[in-house]
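Quick note, the sequences are listed as chains A and B, same order. With the first letter of the first sequence counted as 1, position 288 gets the number 288 in our numbering; the numbers rise by one all the way through. All you need for our numbering is the position in the second sequence, starting with 1, plus 1000.
If you're looking for bench data, these hints aren't it; they were derived computationally from the structure. Among the clues, some could well be false.
Partial chain A-side listing against chain B, Cβ under 8 Å, derived [said to hold, decoys possible]:
no.: 1; residue: V81
no.: 2; residue: I140
no.: 3; residue: D181
no.: 4; residue: W223
no.: 5; residue: G239
no.: 6; residue: I258
Ideal Cβ positions, reconstructed from N, Cα and C, are used throughout, including at glycine.
One letter stands for each residue in the lines below.
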Amino acid sequence: MINDYHLLTAKLIIVYQIESQVCLKRKCMSRETRKIQRVASAVTAPIVGCAGLYAAWTAASWWLENPILLPPPNSVLTALVSIMQDELVGDILASLHHLGVGMSFGVTIGFALAVLATQNRLVERLVDPLIELLRPISGIAWIPLAIMMFGVGETVPIFLIAYVSVFPIYINTVAGIAGVDGRLINAAKVLGAPPSTIRWHVILPSALPMILAGFRLSLGVAWMTLIGAELIGGNSGLGWRAFWYEQFFAMNKNLAVILVVGVLGFLFDGIIRLLQARLLRWSPAQSGAAT
Amino acid sequence: MTVRARLSVLSIYGAALVVAEFAVRLSPTPDRYPSPTGVATALVRNILSGQAPIAIEQSLSRILVAFVFAAIAGSVIGVAIGRSRWLDLAFGPIINALRSIAPIALIPLAVLWFGVTGNSAVFIVCYAAIFPIILNASEAARQVDMRLVNAARTLGADPRHIITHVVLPSVAPNTITGARIAMGFAWASIVAAELAIGVKLETGGAINAGIGQLMVSTLFLDRDVNSLVGYMIVIGLIGLLIDKGFRRLHRMRAPWEYA
């Protein structure tokens, strides 16, 4: 027996079919199709972009017919493999050494100065104008003076990295400590917490997002400066190696080193971001940043 | 700050400068370290002789060319990838990858392409300046208030009109912030580029020498540490002025953010 229920269902099916046909005609899509298209473009678009870059690069180097001016991407990749088996590891280690030593100096100095400046008015009055005076002088501008004082060698990149990494960590730490909610400190005081507890359990955790953001900025600037310092005033490391290959017109190797520099910079930033996400899972202001 | 506090700070700085002066004069190698009076006299001498102003003018003119190019190309690319999801997906990763390459690392390549002339410095500066502009412009274009766009559309504006009269004006303040950061990068990297190119010239005093090349010749030919510090101070001051100028421009274009 056909009852009303069946009729209704049939009507609905017909209406649905008509509607979907109208929809197709007017190029409006159902939710599923739109989702599929979203996923498809998320997959295809980067591939198209990368393939376009690869094709343009290959075409340009083929048109120039000069592997020194623009080595084709394939030869850069083979150069990358060959230097990986050769000297690349030593260069990376040398650069990491400069970065590590320089940043430990710079970050320690910047952090210590910031903590002292927030504790003591006189220190603040002494350090603040000095920082504001030196900050616009980029690390790069120090290279000639550093070469003159220390001579070409390891000390130049280490000194420059220490110099440039002081500022972001100082400024962010001061801002972070100044921005701690006074009610939290007062609440801890009322509950009888001694100053050291307040320092470690109230001030440090609330300032940590800003401090880590400052560390991330320091690392970014330091990595850029490192390459310049090694290129002009160093005798080891990735920047120096890029310059060295260029002197032999081995531009495919030079570009391979540049590629490594870019990838390492990207990796460092990613590590810090992971660290931020992990250490600051509790924080509502997870990405505190100052420029 | 009270007068007394200001006096005590100044006196500590004064004492530090006097100590530095004597320490340098009494050291066995006074030529290797800068002394306060030496820096001051070197600064005045280099400015009066016209050497420093000419070099600064050269550097600034290079920056200007590179910056204009970077600003135009950067805002076009930024608005394009900010308004189109597909373009963002296709070229966003490539732009991010290129961004993480320090412009200074490209100096050897630029020297091969453009020679040891000012053009390679222009290329480096352009590369350094374009990414902050792209990032800020694309972020701003992504956040354009859709109500404004829809209102314009309802009133019958065509897409071109929407871009020029709705999207671009609301993107402008953020792009100026990007330009300020870009100009900071540009000023740092022109010094770097000129330093590196100057090292290769080994006669930094060529006709088109910028401030970086002047520093190289001061370093390797004159061995004059006081002039070097003087140039550094000049570089810092110009950087500060540029930053202040862009902040003022931003304030003019986006007064509501300062209320």
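**Hinted contact I258 (chain A) with chain B - closest CB pair below 8 Å** = With a closest approach of 5 Å, the I258 (chain A) hint holds.
Q. Is the interface hint for W223 (chain A) satisfied, with its Cβ closer than 8 Å to some Cβ of chain B?
A. At about 7 Å, which falls below the 8 Å cut-off, the nearest Cβ of chain B leaves the hint on W223 (chain A) intact, so it holds.
### Task
For the hint on D181 (chain A), just tell me whether its beta-carbon gets within less than 8 Å of chain B.
violated, 24 Å
If you take the shortest Cβ to Cβ gap from V81 (chain A) to chain B, is it below 8 Å?
V81 (chain A) check fails; min Cβ-Cβ to chain B is 19 Å, beyond 8 Å.
- Task: Please verify that hint: I140 (chain A), Cβ, nearest Cβ of chain B, below 8 Å or not.
- Result: With Cβ-Cβ at 4 Å, under 8 Å, it holds.
| request: Return the status of the interface hint for G239 (chain A): holds when the least beta-carbon distance to chain B is below 8 Å, violated otherwise. | output: With a closest approach of 7 Å, the G239 (chain A) hint holds.
Hint check: violations occur at hints 1 and 3; the rest are consistent with the structure.
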